[in-house]
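In the numbering used here, the protein residues as written are 1 to 499.
Accuracy of the hints is not assured; some may be wrong.
Stated by the list, open to error - Simulated pairs of lysine to aspartate or glutamate, DMTMM-like, Cα-Cα distance not exceeding 20 Å: (1) 87 x 59; (2) 236 x 171; (3) 167 x 90; (4) 447 x 59; (5) 191 x 171; (6) 177 x 59; (7) 110 x 90; (8) 177 x 194; (9) 447 x 260; (10) 236 x 194; (11) 98 x 59.
The set of hints was computed from the structure by calculation and includes no laboratory data.
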Amino acid sequence: MDKVKLTMNTLFAGIGCQERGFENSILFDVDVVNISEINKEAVLSYAAIHCGLTPKMVDTYTDYPSREEMARQLTEVNLGYDPEKNKPYDWYKLSRRKSSDINKYWLANKLTHNLGDINKIEFLSYADLWTISFCCQDISVAGKMRGLKPDSGTRSSLLWENIRLLKRAKDDGTLPKYLMFENVKNLVSKKFIDDFNNLLEVLDELGFNSYWKVLNAKDCGVPQNRERVFVISIRKDIDNGTYDFPKPFDTGIRLKDILDKNVDEKYYLSNTMIKGFKKHNENHEAKGTGFIWKPRNIDGVASTIRANASLCPTDNTINECIEAGNLNHYNYDEMNRVYSKEGCSPTLRTMQGGDRQPRVLEPIATVKEATQKGYAEICEGDSVNLEQPNSKTRRGRVGKQVAQTLTTSCNQGIVEPTVQNFRVRKLTPNECWKLMGLTEEDCINAKNIGVADSQLYKQAGNGIVTNCVELLAEHLYKAQYDNTCLLYTSDAADDRISV
1 MDKVKLTMNT LFAGIGCQER GFENSILFDV DVVNISEINK EAVLSYAAIH
51 CGLTPKMVDT YTDYPSREEM ARQLTEVNLG YDPEKNKPYD WYKLSRRKSS
101 DINKYWLANK LTHNLGDINK IEFLSYADLW TISFCCQDIS VAGKMRGLKP
151 DSGTRSSLLW ENIRLLKRAK DDGTLPKYLM FENVKNLVSK KFIDDFNNLL
201 EVLDELGFNS YWKVLNAKDC GVPQNRERVF VISIRKDIDN GTYDFPKPFD
251 TGIRLKDILD KNVDEKYYLS NTMIKGFKKH NENHEAKGTG FIWKPRNIDG
301 VASTIRANAS LCPTDNTINE CIEAGNLNHY NYDEMNRVYS KEGCSPTLRT
351 MQGGDRQPRV LEPIATVKEA TQKGYAEICE GDSVNLEQPN SKTRRGRVGK
401 QVAQTLTTSC NQGIVEPTVQ NFRVRKLTPN ECWKLMGLTE EDCINAKNIG
451 VADSQLYKQA GNGIVTNCVE LLAEHLYKAQ YDNTCLLYTS DAADDRISV
């Protein structure tokens, strides 16, 4: 089978999940013309994943300009700009240091063909497909929902910079064949539906037919409950009018299937932290606020994994879950969640800061081992049968045993079905990346080039689940190139495409 050659411009590129999704479809030979991204750590990861950037390559590359010139070029594209602080990154300061860090960032920017800040891009070279994953902070319910109107000045309003570039492309005769937009489900909520419809109208005027749907990653082969709205726009002069979206299916993959077999000790919470949370919980109860812990049935769907959940399980919480016969889930301040390995991860989110990674419960072989590690106080107790739900639980949901959306504030936990002793640990960056449809090798490559764990969590929460993009690519192929090919369906979830 000859693959369809497809050139791409990837705007708000992140770590390149869009490109990976189309590649994984095995139907397209993808060539990325340009990307647009201002997060310098995301560009590093992108270069490591897709362009083969390694420390050795940084050391052996021989065509670097002067350090001052590298600083000028990186400043010109606004790489490293901090939107929260409205502050550009000082590349000239970095250029004066003895380290080779500026070489690394400059080479990553060059290899990825990164044009940087979309505000500074005058036009884009022709590409068959533009992917546009504009900022969701001002649309998401996790943010302040300040909106995306063209004159609002919000990060989400950068959407209209993409429209500006599309209008320029139309004037230049370089309008792409296809567009793919992606954002949070809240974009099509009552609050923002008028803005969304306005976008569709503008696309119609530019010459595109647009098809949209909310897809959940748990229905696309990944154990994460992550809902996102996708728009596929096809230029009217080539549209066959047959595009449709993938049907939900369940591969049977659960959170336990993506967990690492060997986990570094640094991801486990210390006894000091556990005691601190226990004290916090006791003080909370003493205030009589009426807060109720909410364990969930093992068949339930995991809640959203957030990257800003700085709290973690407490001794009392675990004991309450043990007494209730259910360690599948508990919730502190609507941030800390523990999930059964038989279920799915919550949504990964992009917020970060402090100790805000996901939490999981791991078994300890003996009470002696627990005591040695400082966990006996919270781990001793009778065996736990997770299949018995807690009748006192509020807001319990029963679903498909799928993970909730992964966020960069990951606070989720996992448990063994029947064990006596437990420890609490974070989900690892590698586990979060796998929950986005990426591979362990991808995460290792990003780590090797120097990307910190905190950034790896953030990049997972900011990303697009590659499986969703892969399915969209397959359906685009079927609609535009070969209507006889067989695709994933809910009745044949394990079948690959045959043409």
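Identify every previously stated hint that the structure contradicts and give their numbers, smallest first. 1, 3, 5, 6, 8, 10
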